[in-house]
Structures are given as structure tokens and as C-alpha cells.
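Following the hints, complete the assembly by docking chain B onto the known chain A.
2 protein chains.
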Amino acid sequence: MPVSEFSLIDRYFAVQGLHRADVALGIGDDCAVLRPPADQQLVVTLDTLVADVHFFAATDPENLGHKALAVNLSDLAAMGATPAWATLGLTLPKVDEPWLACFMKGLFGLADRHGVQLVGGDTTYGPNTAITMQAHGFVPAGAALRRDGARPGDLVYVTGALGDAGLALAVAGGQTTVPTEHHRYVQARLERPEPRIAQGLALRGIASAAIDISDGLAQDLGHILERSGVGVRLDVAYLPLSPALIASLNQDAALTTALTGGDDYELCFTVPPERIAQLETVAAAWDCRCTRIGAITAEPGLRPIRADGSAFFLERLGYDHFG
Amino acid sequence: MPVSEFSLIDRYFAVQGLHRADVALGIGDDCAVLRPPADQQLVVTLDTLVADVHFFAATDPENLGHKALAVNLSDLAAMGATPAWATLGLTLPKVDEPWLACFMKGLFGLADRHGVQLVGGDTTYGPNTAITMQAHGFVPAGAALRRDGARPGDLVYVTGALGDAGLALAVAGGQTTVPTEHHRYVQARLERPEPRIAQGLALRGIASAAIDISDGLAQDLGHILERSGVGVRLDVAYLPLSPALIASLNQDAALTTALTGGDDYELCFTVPPERIAQLETVAAAWDCRCTRIGAITAEPGLRPIRADGSAFFLERLGYDHFG
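If you're matching them up, the sequences are chains A and B in order.
To convert, note that position 232 of the first sequence is 231 in numbering that gives the first Met the number 0; the numbers rise steadily by one, no gaps.
To convert, note that position 173 of the second sequence is 172 in numbering that gives the first Met the number 0; the numbers rise steadily by one, no gaps.
Just chain A, same shape as in the assembly (with noise of 0.2 Å):
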């Protein structure tokens, strides 16, 4: 007998351990119905994730729950955000009841850890598997990370290592390989970011810009220079490279793949030279790198230099979905 849509959201979606106070009606209604904090201001983001574009179909459905809210955690964090509520469109070829256990389970395994509750959703049939999430998270008043705040003499930082998600898909690809002590870490740098969300919190009042590498570091801070108004200096031989990174490529195109390599969903910001010291005293704390790379500059355009002062040249950006 067929399952009906209506039992997996009994089943499958409404089945969450954690139970928010601010949510005054969750999954089962029309609509969501939430309370936001009366002196905050409300942060919403919503990434959409294809199979075979986005991810391979094959993927471990777990894996593949944690990624799709982790990115769009990513984005809150980006802006500095506390995350709280999420939403869940999913499209699926057939009801396969392992598959979303196992999708849910990983889904709610972020979510509970990070205090989201998923309160709606919509579940379809479509020929090809698509997750689209939307996560909701607050700020108090104009404390949120925008793009547009980096201003020359601004330092440039990343949190984590660069170019651990591009180097899984380019194994995937066929086109390298990675020593075997290392092929963990590569794909759960691909399958299970972790959104820097205690990160993004920190960096309130300290960065002037900020923006989460979803597309590549060279992309995504174009944003930060397009918003600004502003240019960078790159100092690649400053950029975090992880053991495993410089372990399969060689130095070039490992400089190459941490520049415009995709899906890393580390954060990347600008602070002014007078908080540095408050960065420095934040940032010990952390549970992952924060690495000086750059400087904003009045001069416009993104501009990767190597140690010799000689420009460092790229191809490409980054990833674009119609490129």
C-alpha cells in the first residue's frame, strides 16, 4: 500500500526531540506560528540543493540531511545570527522509508545541536530529488554581518582550512587522489560541514564584512569588494591549507582549488585594525583556525599575490550555477 504524504509528516517530520518555547504552532497546519523576539531582528536564508548538481544521488542520506540545513546554518552564520526555526521543501522520486530516516536523522542530529526546531514544510513527488531549506535565525538591531562594510586597511580572515570540499569533488571527478589516511577528512569536509555558527556570534562587533564561502573564496569575496566598494590584496601563501590539501596537490594547484574550490562553507571577513586585538582574544577560543590572509584596498579588484610580490593567476572565480 502506498504511504501517503500525510503519514511521513507523522512519521517522519514531526517527529523532532527539541520544542522550542517560541513556537506557538510547529508542523501539521497551514502555516507556522512564531514568536521572534520583540528587540531582535529576524534572519531568513533558503538554499536549494539538486541531486546529481548539488549532490551525488548516491550520497549517504544522513550525510545529506546534515548538509542541507548545515548550509543554510552557514548563511546565518555569515550574518552573524543565532539560527531557530527551519522549514523543509523536499522533492522525491519515491518514498524510500530508509532513505528519510536516515535523511531526518542526520537533519535533526544539526538542528538539536544548534537549538532549531523544524516547524513546516512541503513534501512532493518530483522525477528528480531536490531539498529546498529555508532557516530563520535573529540579531539584535543592526548587529547583522553585511557584505558592504569592508573599508581599506580592513585585514582579511578566514576560520577553518580552504579547498578540502573542492579536492573531494575533484576525487570524485577522477581527477586526483588523496593518501588514504586522509580520505575521511576529505569527504566529511564535503558531506558534513560544520556551520561556524559560534563563529559568526563572535565576530558581532568586531567584523566589518563578512560572507560564508558556499561558491569559492575568490567568488565570494568579490561580493564583499562588489558590496563595498572596495579591492584585496591576497597573500596565498597565507591561505590555511589542511595537511590532507597539501598532501594530494601540488603547491600551485593547491593554492588554485583553496581559491576557487566550492562548498567549503567556512566564513570569510573583514576587521578593522583597531578590533584585531578583540578578534585575537575571540578567536582563541574557537574550535577551528582564524587566519589572516589579505588586506581591503581602495584600489578595486581581487588581486592573489605570492610571497615574491608576483600576481597569482586565476582561471576562474568560482562556481556559478548558468557559468
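Keep in mind the hints are simulated off the structure, nothing from the lab.
Ideal Cβ positions, reconstructed from N, Cα and C, are used throughout, including at glycine.
Some hints could be false.
Said to hold, decoys possible - Simulated restraints on C-beta separations:
1) A:A246 / B:K93: 20 to 30 Å
2) A:F312 / B:D38: 25 to 35 Å
3) A:F312 / B:V52: 44 to 54 Å
4) A:R315 / B:A100: 23 to 33 Å
5) B:A284 / A:R315: 57 to 67 Å
Claimed, not checked - Which chain A residues stay away from chain B? Per the calculated CB distances, all over 12 Å, these:
6) G173
7) R232
8) D234
9) P272
10) E273
11) F311
What the hints assert, rightly or not - Looking from chain A toward chain B, a few residues come up when the C-beta cut is under 8 Å (computed):
12) L33
13) R34
14) L41
15) T86
16) T90
17) G120
18) T123
19) P126
20) V138
21) Q277
Just chain B, lined up with the frame of chain A:
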């Protein structure tokens, strides 16, 4: 030269004329930043439309843009919410700029009429066109129209006429025909539904429960019954049928279509007897019919009854995505 995702945003998504004062940051950053009113609850809904599942791929894109927002505004209407903001997840197999221009024209046309600002989204490549929209609105605390408030003795009403969209789908499927003079009306009912926002707002404090009829009256009313722990006696002779439906189908087929046809986007709601005078007063100002079709019973189950008191038999209740 291929057009990039980013120039699409500038050309088609960030061009709405309407600007709400409560949008601190709209399209163009990692997230939107919004200011919900301090004295209201936030109401959130999400709907996915997939090509060749929820709409024909050849559908006029302006109508499709209208409908993608309309189905979400219809959910807000069913909660009695005032619409405010929307986000758009759009998956496209290729960049067809004239198609996109028409789609956004239809979407913005409806959005402007209801004071809704598009504040964010995600545009990605995928093999199959799909649209996931989310809409946000407000209700005063505790005023949301829910599915679980129907009580025995409450009367059951619907807005507008029923079954027209189901008729249009039957015509498209070659199962029936419609007299020429009704073509335009029936097609518009399928492709350009008008969300019953004004009706939903007027029903605050009057309706004990409400739902929008997107999967067919019988099935959607069934959700009210299940959530409220009640049953219903439906007087099928009272179902509001359009002249087009009456002219196209025999009586029993017309009633079955009215009871089970999907895509109607009318409101079904229940009203306690002591509030009927209030309902009559507000409904007199509506631009659509308001018709009493039955009564809530303590005895569970959905019982459609003919004028002679005999049961009206239904083979299925409505549309199920995985049925």
C-alpha cells in the same frame, strides 16, 4: 556568453518596485534581515511546485509566477495572516530570459497587490524546473486560524466556487470538454488562483477552524476533522458550483469534482452558531461567494449526503502526492 546567477539576481529578482519599511536588508547578502512587528506572531509557509507534476512545463510563465506566490498566500489566508515577505528557490534547466522576465512579472504583480516584498532566495541549475516559495505574514498573538478548533454544532463554509481547477485538469487530460464561453474562466481558475487574503483576515475571531483547499475539499476538510477530533455532515446539494462546471459535467460528476478536485485555493472554515451573524456581516463585503455546506458532528468521519438524505459515495478523497 552565459549569463551568471549573479546578473540574473540583479536583472530579475532585485527589481521589485515595492519596498517595505520593515525590510532592513533585502536581496543581495547571505540572508535577508527583517523587522517583525513586536506585537504580532510570525506565520510561515512553504510550497513546492514541480514541472509536469504541479504544472505543465508549457504553462504561461506569467501565470506560473502568479500561482507560485498565490499558493503560499493562500496558506497565509487560511491562518488569517497579513502577508509581508517572500523568498524564492528557483531551479531551472536553462536560462531563458524572456521566460524568467514573464515569470517574475506574474509573481511581482500579485506580490505588489498584497504588499509582499521578495527578500531573498536561491537560483540553481537542475534538470527539471521547480519552484519552492516561502511566504511570511503576521497575526496578533493567539488570533491565527488553526485546523484544530472545530466543535460539534459549528457550521461549515467555503469561499468561492469548487471544482473549477479540477475541471481544467480534466480538460487538459482529455477526459472532458468545456463549452467555449467558459474556457477562459476555467483556465484562469487553474492558472491564476486568487488567494483569499481579505477573507482570511475577516475570519479572525469568527472562524473556529480554517484550511485552504489545495488537495480537494474532502481531503482538506478531513484534516480539520482529524485535528479537531470531530466529523462532518456535508450537504452536497449546497456545494457552490460555477456555471462552467454545471455546463460541463453531469450533476454527480460535478459534485465529485467539487469534493475531490485539487488546486481550488478556496478557504474552508467552521463557524460556531453564535457567530453566524458576524460572518454574514463581514461576508457581505467579500468579492466572492460564502456558502454554508454542512455542519460539524461529534460522530467522526466525513459524510457527504444528498438532498434526499442518502449517502453520496466518493471513491477517493483528493490529491495525495505519493498516493
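Here's how the hints hold up against the structure:
Look at A246 of chain A against K93 of chain B: about 39 Å separates their beta carbons, and that is not inside 20 to 30 Å. At roughly 57 Å, the beta-carbon separation of F312 of chain A and D38 of chain B lies outside the given 25 to 35 Å, and the hint is violated. Range check, F312 of chain A to V52 of chain B: about 46 Å between beta-carbon atoms, so the 44 to 54 Å window is met. A hinted range of 23 to 33 Å for the beta carbons of R315 of chain A and A100 of chain B is consistent with their spacing of about 28 Å.
A hinted range of 57 to 67 Å for the beta carbons of A284 of chain B and R315 of chain A is consistent with their spacing of about 59 Å. Residue-level check passed: G173 of chain A sits 22 Å from the nearest beta carbon of chain B, beyond 12 Å. Every CB of chain B lies more than 12 Å from the CB of R232 of chain A, the least distance being 23 Å, so the non-interface label holds. Every C-beta of chain B lies more than 12 Å from that of D234 of chain A, the closest at about 25 Å, which supports listing it as non-interface.
Separation of P272 of chain A from chain B is adequate, the least Cβ-Cβ distance of about 24 Å exceeding the 12 Å criterion. The beta carbon of E273 of chain A sits about 24 Å from the closest Cβ of chain B, which is more than 12 Å, so the claim that it is off the interface holds. The claim that F311 of chain A lies off the interface holds: its Cβ sits roughly 23 Å from the closest Cβ of chain B, which is beyond the 12 Å cut-off. Because the smallest distance between the Cβ of L33 of chain A and any Cβ of chain B comes to about 4 Å, under 8 Å, the interface hint for this residue holds.
Among the interface hints, the one on R34 of chain A holds; its C-beta lies about 6 Å from the nearest C-beta in chain B, closer than the 8 Å criterion. Contact between L41 of chain A and chain B, as hinted, is supported at the beta carbon level, the nearest pair being about 4 Å apart and thus within 8 Å. Restraint check, T86 of chain A versus chain B: the minimum CB separation of about 5 Å is within 8 Å; hint holds. For T90 of chain A, the shortest C-beta to C-beta distance to chain B is roughly 6 Å, which falls under 8 Å, so the interface hint holds.
Evaluation of the G120 of chain A hint against chain B yields a held restraint, the C-beta minimum of about 6 Å falling below 8 Å. With a least beta-carbon distance of about 5 Å to chain B, the hint placing T123 of chain A at the interface is held under the 8 Å criterion. The criterion of a C-beta within 8 Å of any C-beta in chain B is met by P126 of chain A, whose closest approach is roughly 6 Å, and the hint holds. Hint status for V138 of chain A: holds, given a least beta-carbon distance of 7 Å to chain B, under 8 Å.
At a threshold of 8 Å, the smallest CB-CB gap from Q277 of chain A to chain B is about 22 Å, leaving the interface hint violated.
In the structure shown, a violation is registered for the earlier hints numbered 1, 2 and 21, in ascending order.
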